[in-house]
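Here the protein sequences line up with chains B and S, keeping their order. Residue numbering for the first sequence follows the working numbering, beginning at 7 and increasing consecutively. Residue numbering for the second sequence follows the working numbering, beginning at 7 and increasing consecutively.
Honestly, the hints are just simulated from the structure, not real lab data.
Below, a list of computed lysine to aspartate or glutamate pairs in the DMTMM-like style, where the Cα atoms sit at most 25 Å apart:
{"hint": "1", "chain 1": "S", "residue 1": "527", "chain 2": "B", "residue 2": "136"}
{"hint": "2", "chain 1": "B", "residue 1": "376", "chain 2": "B", "residue 2": "467"}
{"hint": "3", "chain 1": "B", "residue 1": "325", "chain 2": "S", "residue 2": "322"}
{"hint": "4", "chain 1": "S", "residue 1": "538", "chain 2": "B", "residue 2": "543"}
{"hint": "5", "chain 1": "B", "residue 1": "28", "chain 2": "B", "residue 2": "61"}
{"hint": "6", "chain 1": "B", "residue 1": "325", "chain 2": "S", "residue 2": "241"}
{"hint": "7", "chain 1": "S", "residue 1": "258", "chain 2": "B", "residue 2": "437"}
2 protein chains.
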Amino acid sequence: MNYIRSMERENTYRHILKWGDKREEEVDSHMITLLKEKFGLTDEDLKKKHLPGREEVRLEKPSLLKPSHLDFLGSLCGSDNVLADDLSRARWSCGKFYGELLDLRLGQVPDPPDAVVAPRSHDEVVKIVEYCSDEKIAVIPAGGQSSVTGALRAPQGGIALDLTKHLNRIIEINSVNKTVRVEAGIMGPAFEEELNRHGYSCGHFPQSFEYSTVGGWISARGAGQASTGYGKIEDMVVALKAVTPAGVIETKDFPRMAQGWDIHRLFAGAEGTLGVITEATLHIFNHAPENTASAGFIFRSFEQAVEAMRTVMQSEYGKPHLFRISDPGETDIAFRTSGFDGTTADRLLKGLGFMTGSRCLMFVTVEGEKSYARFVMKKIRRTVRRGKGMFIGSGPVRKWLAQRYSSAYMRDPLMDLGIMTDTLETAVTWDKLLKVWSAAHEYVNRRPGAFMMIHISHVYENGANLYFTFLSPMERGNERQDFALFHRGLVDTIIGNGGSISHHHGVGRVLAPWMEGHLGKSSMALMTAVKKHLDPDNIMNPGGMLGL
Amino acid sequence: MNYIRSMERENTYRHILKWGDKREEEVDSHMITLLKEKFGLTDEDLKKKHLPGREEVRLEKPSLLKPSHLDFLGSLCGSDNVLADDLSRARWSCGKFYGELLDLRLGQVPDPPDAVVAPRSHDEVVKIVEYCSDEKIAVIPAGGQSSVTGALRAPQGGIALDLTKHLNRIIEINSVNKTVRVEAGIMGPAFEEELNRHGYSCGHFPQSFEYSTVGGWISARGAGQASTGYGKIEDMVVALKAVTPAGVIETKDFPRMAQGWDIHRLFAGAEGTLGVITEATLHIFNHAPENTASAGFIFRSFEQAVEAMRTVMQSEYGKPHLFRISDPGETDIAFRTSGFDGTTADRLLKGLGFMTGSRCLMFVTVEGEKSYARFVMKKIRRTVRRGKGMFIGSGPVRKWLAQRYSSAYMRDPLMDLGIMTDTLETAVTWDKLLKVWSAAHEYVNRRPGAFMMIHISHVYENGANLYFTFLSPMERGNERQDFALFHRGLVDTIIGNGGSISHHHGVGRVLAPWMEGHLGKSSMALMTAVKKHLDPDNIMNPGGMLGL
Chain B
7 MNYIRSMERE NTYRHILKWG DKREEEVDSH MITLLKEKFG LTDEDLKKKH
57 LPGREEVRLE KPSLLKPSHL DFLGSLCGSD NVLADDLSRA RWSCGKFYGE
107 LLDLRLGQVP DPPDAVVAPR SHDEVVKIVE YCSDEKIAVI PAGGQSSVTG
157 ALRAPQGGIA LDLTKHLNRI IEINSVNKTV RVEAGIMGPA FEEELNRHGY
207 SCGHFPQSFE YSTVGGWISA RGAGQASTGY GKIEDMVVAL KAVTPAGVIE
257 TKDFPRMAQG WDIHRLFAGA EGTLGVITEA TLHIFNHAPE NTASAGFIFR
307 SFEQAVEAMR TVMQSEYGKP HLFRISDPGE TDIAFRTSGF DGTTADRLLK
357 GLGFMTGSRC LMFVTVEGEK SYARFVMKKI RRTVRRGKGM FIGSGPVRKW
407 LAQRYSSAYM RDPLMDLGIM TDTLETAVTW DKLLKVWSAA HEYVNRRPGA
457 FMMIHISHVY ENGANLYFTF LSPMERGNER QDFALFHRGL VDTIIGNGGS
507 ISHHHGVGRV LAPWMEGHLG KSSMALMTAV KKHLDPDNIM NPGGMLGL
Chain S
7 MNYIRSMERE NTYRHILKWG DKREEEVDSH MITLLKEKFG LTDEDLKKKH
57 LPGREEVRLE KPSLLKPSHL DFLGSLCGSD NVLADDLSRA RWSCGKFYGE
107 LLDLRLGQVP DPPDAVVAPR SHDEVVKIVE YCSDEKIAVI PAGGQSSVTG
157 ALRAPQGGIA LDLTKHLNRI IEINSVNKTV RVEAGIMGPA FEEELNRHGY
207 SCGHFPQSFE YSTVGGWISA RGAGQASTGY GKIEDMVVAL KAVTPAGVIE
257 TKDFPRMAQG WDIHRLFAGA EGTLGVITEA TLHIFNHAPE NTASAGFIFR
307 SFEQAVEAMR TVMQSEYGKP HLFRISDPGE TDIAFRTSGF DGTTADRLLK
357 GLGFMTGSRC LMFVTVEGEK SYARFVMKKI RRTVRRGKGM FIGSGPVRKW
407 LAQRYSSAYM RDPLMDLGIM TDTLETAVTW DKLLKVWSAA HEYVNRRPGA
457 FMMIHISHVY ENGANLYFTF LSPMERGNER QDFALFHRGL VDTIIGNGGS
507 ISHHHGVGRV LAPWMEGHLG KSSMALMTAV KKHLDPDNIM NPGGMLGL
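Isolated chain B (complex conformation) (with noise of 0.2 Å):
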């Protein structure tokens, strides 16, 4: 991706929705081909921009908090850390949902918090939350702004608690017992960094890893590109403090136990709804990247490449750190968007019989110790073998692991040209996979000038993901409604198939509506009384998150 170094302004709206480097980027030639083809675009179009939010921000809704408000809390943390003007309101009003950013296109923001305070310490939390129990103001822990679920919005206003600027230390890290304590609103690459200094890594390394902390990550049960090696989130954490209205829950970092439950599991995946997460204790794992033995495959189709995925990881041989499979249609784009297709290597893929709009490209690496990882990589292979795949080497995975941040910045771009896309992600057991698979591609194809992109990229012995990127022509001047029901009919789609609502982003109030008629009333009113107990006037995070 090439930059154009046009720097924005810091004030208007496009500064707040867009994902990654705030350049303006430009659209490579592989890609504005397969724009043309896909959606009939002509250069005339590609040179326009398609709702960009270049306004200066501006409210509608006044900040209701009482000057009394705004005292105790600048006396607290200090003025500087307590802001309400307009533009730190709406920054903080949101993730990166993709109706949220229309929402932004389009000059609004409908849910801004009243303020946003940056809490020095943990102690400042326990102050913040007890002071806004007592006043009934809504709390809205916020860590890097990368949700994807609505989960930061202000319904109720109140404020938006900014972890990231102060709270955001290692406490320790012990290498006794290979775990690091950490303050909740480090960002991924400062945490990592400093793991590497001391020769760890934290093993999680979703593609929000650069503008995401470890309260979100635990927040909103997030996995890393890396899980089906080092685990989801929930995995690592080993221990965490948390300031609720109810008192602080500190849990200890025994390596198991059976004295009750986990309670420290009730907040991941919690969303901000109990409290605030304000320190973890987490498993920390070498940093060895030399001895990563990394491997590409093509597979014939879609059906055969899942088979080999699931024999690998129920053979009992160790397993995969990055384990993804791309489907046929997200393996097209891959190949010509490298400019890949129609080379005399793609020429002698199809004389084997790997056809386009069948074949498969599965990425794999195995870290660790590194004739563990040797070991493993060579039990792989030979799975693979079997199950009819075919090694392509080390290279593609090596290209794709050093974009795998930044593929995402291509949102923003395409919105600019006026398509409309978004991704969608769930969990599903091997005997449903192939269903909702096939199911989900049936209900996008239905849609004229739509495609999808399916991947398989955390995988169990049981089951695996399935993560869905859709794109299609927005419906100008109807964006924001044709979005919501096409994006409805999806979630039902997977849902009904057999898939869960969320593998890895999350509920937040996007998903919220699925949630008891998924998971059943008994369930629904179980999470619904620890959220009353914990924070029984409804301050944290209130108004449709979870479907709470």
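Add chain S to chain B, keeping to what the hints say.
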């Protein structure tokens, strides 16, 4: 162990208290020599049995259920499945906690249920729980009755729910997802045999395996002897179905998700206080015992053995399945009771510096795919060698495996000899493990005539469990209070030095008094809120469980 084939009459306290084979066993000659030396027992002493409990069972407390209650239960479940006689009530009044065994030997049954009911289906459990909620009758879910925490007592009477009689079927083995759906009351051996027939194993082999159920494993958060590789039971549970007074909770078998928290995890460790688990879906493993690589090692000190164990767990080259260290006290007993002490091999070991009183045994298996097991074992052997441990072949591991369930049968003949013996266990991080270990030894050593053996048997990246077995002459005539005081001091010592209340036995009524101090008021209040929501009338295993 040699059995004397004089079957005990079935209506005595002794028949209830005996663990394992109900026949009388003889203590072998090595053990007799040891007992004579450790406790100054004479040949005369060895012939007598202290508090043998041979009296016929008679309860002081009459059943408080009304005829109408028994009629309802009989018409619902069939009259064969409702028992209210003294013997049945006594049998289902307790588990196998030392204090309970003492009570039985003293001819006392302090907390019998009013009846024992064996439901024939999930739906019958639903109706029983509904009825008992309406009638305020306590319900104590029971499986194999191997609890060592007083979890099965009925201080408020009510009904013991025998899940083993009918709810003991495998519902489905799903070989695509590599999971099994099973009723909660199935016993370990029946479960494993059926899985073996399909090429699978449950991977969960607690010492109580022969007399414990899937539902009990989950309720108490048990750990099998190969848990280092296969995980604790809570790691194996994918989904479950539980009947609570607030309705049936049924969770889905997604591999992972991010839609709130894993509600099934609340029932792991709830010990029957939230509801009755009737079904569970669990991960299963390939049954290939021929692939297992085994190795025994010996170290010159406990500290060196622990350091090597920690290195293995943190090296990221795969993990052992069974992984144990016997501390010098336990190693000494093992060498003496196996007849190894004083042999040429023993003298050779001593010549190499592996001295009685400091040397430690380590046992390892690696299971799974054959070449994987060999690969990981090779890595472990290298780590152990560098850590100054010495390979001693796989014979000792095989011997240990052969008696791994029956060694617990020894408690009864020891109690016959007036010897108090009990086990405790804890989870602790590596940085506190040696402190807990030495403090526990110091505590026991302060009691004249007492000694303790400790082992590590469940190991994690960040720590391990410690398992304590102590022996001491009983204070005759004051057996109960003497034990209670001694036990309390040991628990205080373990927790005070950084151990958890329990790693895999659970809390029950015995350890409940430590819960609030250990977990903190906020966490206990949260657990209580969950209990109140699911069981508002407190009918589920009431009376001091878990400190609720």
